[in-house]
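Work out the full structure, taking the sequences as your base and the hints as a guide.
2 protein chains.
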Amino acid sequence: MEYRKTVEKWDVFEVTLSGASEGNPFTERTVRGTFRGGQECVQADGFYDGAGVYKVRFMPSFEGEYTFQIDGTYGGGKQEGSFLVTAASGENHGPVRVANTYHFSYEDGTPYYPIGTTCYVWDLQSDERIAETLEMLKESAFNKIRFCVFPKHYDYNLNEPRSYPYEGTPMDSSVLTKENFNEYTFRSEGNHFDYTRFNPDHFRHLEWCIGQLRDLGIEADIIMMHPYDRWGFCTMTQEQDDLYWNYAVARFAAYRNVWWSLANEYDIFPTKTTKDWERYAAILGEKDPYRHLRSIHNCIHFYDYNRPWVTHCSIQRQDIYKSAELVNEWRERYRKPVVLDEIAYEGDIQHGWGNITGEEMTRRFWEAVCRGGYPGHGETFLNPEGMLWWSHGGKLHGESWKRFALLAQILKEAGTGGFAPYERCSWDEVCAVPETEPFSVVKSFYLYYYSFMRPSFRDYYFDDETEFEVKVIDTWEMTIEDRGIHKGKIHVELPGKQYMAVQIRKAH
Amino acid sequence: MEYRKTVEKWDVFEVTLSGASEGNPFTERTVRGTFRGGQECVQADGFYDGAGVYKVRFMPSFEGEYTFQIDGTYGGGKQEGSFLVTAASGENHGPVRVANTYHFSYEDGTPYYPIGTTCYVWDLQSDERIAETLEMLKESAFNKIRFCVFPKHYDYNLNEPRSYPYEGTPMDSSVLTKENFNEYTFRSEGNHFDYTRFNPDHFRHLEWCIGQLRDLGIEADIIMMHPYDRWGFCTMTQEQDDLYWNYAVARFAAYRNVWWSLANEYDIFPTKTTKDWERYAAILGEKDPYRHLRSIHNCIHFYDYNRPWVTHCSIQRQDIYKSAELVNEWRERYRKPVVLDEIAYEGDIQHGWGNITGEEMTRRFWEAVCRGGYPGHGETFLNPEGMLWWSHGGKLHGESWKRFALLAQILKEAGTGGFAPYERCSWDEVCAVPETEPFSVVKSFYLYYYSFMRPSFRDYYFDDETEFEVKVIDTWEMTIEDRGIHKGKIHVELPGKQYMAVQIRKAH
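If you read the protein sequences in the order shown, they are chains A and B.
Note that this note's numbering numbers the first sequence so that position 189 is 1383, with each residue one more than the last.
Note that this note's numbering numbers the second sequence so that position 63 is 1257, with each residue one more than the last.
Warning: the hint list may mix true and false statements.
To be verified - Below, simulated DSSO-like cross-link-like pairs (lysine-lysine); rule was C-alpha separation at most 30 Å, straight line: (1) K1691/A - K1596/B; (2) K1372/B - K1681/A; (3) K1589/A - K1691/B; (4) K1516/A - K1596/B; (5) K1516/B - K1372/A; (6) K1372/B - K1596/A; (7) K1700/B - K1372/A; (8) K1516/A - K1199/B; (9) K1681/B - K1372/A; (10) K1691/A - K1589/B; (11) K1530/B - K1516/A; (12) K1530/A - K1516/B; (13) K1665/A - K1249/B; (14) K1691/A - K1516/B; (15) K1372/B - K1683/A; (16) K1332/A - K1681/A; (17) K1665/B - K1691/A; (18) K1589/A - K1530/A; (19) K1665/B - K1372/A; (20) K1700/A - K1372/B; (21) K1691/B - K1372/A; (22) K1681/A - K1203/A; (23) K1589/B - K1596/A; (24) K1589/B - K1665/B; (25) K1516/A - K1681/B.
Said to hold, decoys possible - Stretch by stretch, here's where chain A covers chain B in the computed footprint (C-beta under 8 Å, at least three residues): (26) 1328-1341; (27) 1620-1632.
Honestly, the hints are just simulated from the structure, not real lab data.
Note that beta-carbon positions come from the ideal geometry of N, C-alpha and C, so glycine has one too.
Structure (structure tokens):
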């Protein structure tokens, strides 16, 4: 049998339908698909895409023959069809899942070690800037990026976005200055948006961005709501919010690389309460058939990451001096993967959250990884164009990002289900061991990290018999020195520099 | 009237006496002086100095005519005499006192801002090494040094001291290696010391050292007991301990620059309890007529600095990552001066407490000072001679010490009773203001410090009228840039480098 349509497992299968365009199709019409294969039956809401067009999307999780039925009040009646799901190919490993309490893997079992960055509204910049961002991402080791659906209003972010999520016109932004912009935050006066009519162009563009990221092997950690707003998007009514959540989920959920970040800095919205966040989470629970990863990011106070819908911690550090160093504590407290989505940004702007050195950022990355967590990057260098990676994407100017490939490589080569902090190391070192190895005195792998300390040598002892391969890693200079095979008492000379690591693994 | 003897206020007046030498004069004989002037009457124990010689020392606190009477069982009968106390001269400002809850001053009212260092047994090295140490101290900004009466047994400290505090012979130290030395700690086997017979030479030498420090304007923070011992000095009986404390107080107390540190790392003695420490403190309370400053230094757990006999906190930091940053907290908890006697050492040895960079040490100094505390330095660089400043003194090899003169100068120029942390600064800066200025919106002086952060500029606003003189300080490069007089909104451009400070003070 030959199918008119085929789709790869974990890709988007999309049904396009003609329907009614009069009235407000966004609020007055429904469309839904039921997708049946040998191993799953999925119901997915579709959405109005403007100009009388409706779409229903589906991400198949199994190979083989599928059928689908469409129904709803959208005006095109019941429809049905069939398609063939072929094997995943290339770098398509499926969506990311929590694999073993603290770590992730793709659905096909391939480990996934997040190396994240943040570019809040890279997606809402010019085509040229977006192309530049994608080019930089391609050169980098990043495999997760946090960004927003809504435009951003904040210092260095007073421009208008390329498009709005709703029909209408914004307030006159020529009144804004670096000094007065804060007065407009959380206000909607002067805007003329219809919060019940989406702008499908805006969302189609976002989907293109999500698709581009997917093709680069990058997870799209979509920030659904955020408080840096002057357009009224963060002060919508409960009904309007729910309409938005349903619409976004119907559009985005079929993309395998989507993660849901309910909010950036949820705790500084004057307009939302825990009840609201829990309601959005419930919408996801009901409407995302694929159960993409879900979390919520704080300004000051962590959300209760113990809530069952939260799949992982999405942490903004709470202390100027300690961030990655607290990963052990957070792992124990929440028993979920610890993702440090904000540990300050490398840069030189006036704000303390955006002016650490490349060395310190790299140090925080190693600290986090060696303690069994996952760090996130961002860049905020002043430049004449006012284009800061942290928000606009564009070009990377810093030093830390160049050094993450080495870390990613070591994570990958360790060949385990992620790192756990080794409890038996000295008070003045952090050491990663394989998370999933049974408790035993001798592990197959130890990664000692010395942070800002500068030991001239270290001595190690595990047992008398095991042969270990020893490597000295300069995490800043990105050199790896092979120090040969050792057993018994292992003495390792070090250069008395900061940012050194020692990798000790069982010789084969 | 002409006096046979004169002494400067706060100097040592010493009476030398001939007496019995048979038996054990240290335990069997007493000698005591009563010193009377117009404004004080002080009773002070004397001590046996060997070879039939007894001494009684006194530090006068007022100018004018004094008389003294000696009595006791020392064998020389009652003696008396008179002397004249002249005005203090030169850099003699008297002993250091707690001036205003958090800060110190000399007894004559001159502010004293501790800039400390640690050289545990510099005093027990060769004459050449001691001369070198004194030379380095003279070049430096240090005005307090921590050191021990007893020799030190520890990594890098396996040699014998120049002398022992007791008569007798030590264990054979040729058996010691870098690997086994720990097994000998806290043991007294193999030693043949008489813990009831002091070695006056040892103490005379210490007094010479204290005198040298005094003449350099350096406070001698004498560590009376410590656990790094193989000679039995840390495992003496209660009676032997008390004999030691009484003897040391009788010898040292008349030196105006003496501080009593009851112990280094009191909490790792297996042989002492709180009851012991409190008993030693009681001996000081009873026998030190001058009430020199008193504290006790921890390894892991702080001693209860709220005890009334504790004049100031003597803190070893409890966290690898946060030390000076916690000064605010400790000030609030203890309401006493916060002296950070150990915040890791600049160096490159294998131990995590001894291998931070000069930059990080300097940063901790500024953090501590701007938060209203007092930092302490130490150096542990590996070198062929195995001479590490932290223990042996000798030469300084690091970078931080060169930068403390600038900090001391700024403390001095601020012309206040010390710094308090400013509560109204941003979350990402620390700022020092004068401790003793009454609460008001506008202070006479602000010292903002940006630590490892790199703001490219900062904006300040205090009021519309006050004229401020603005200076930008590069604490690492040791440059001070005058940025002129400003009022109202003050915009300060910064170089986007670490370790910058901004000083803003009322223009005259």
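key: Numbers of unmet hints, in rising order   = Violated hints: 5, 6, 8, 13, 16, 17, 18, 22, 23, 24, 25 and 26; rest satisfied.
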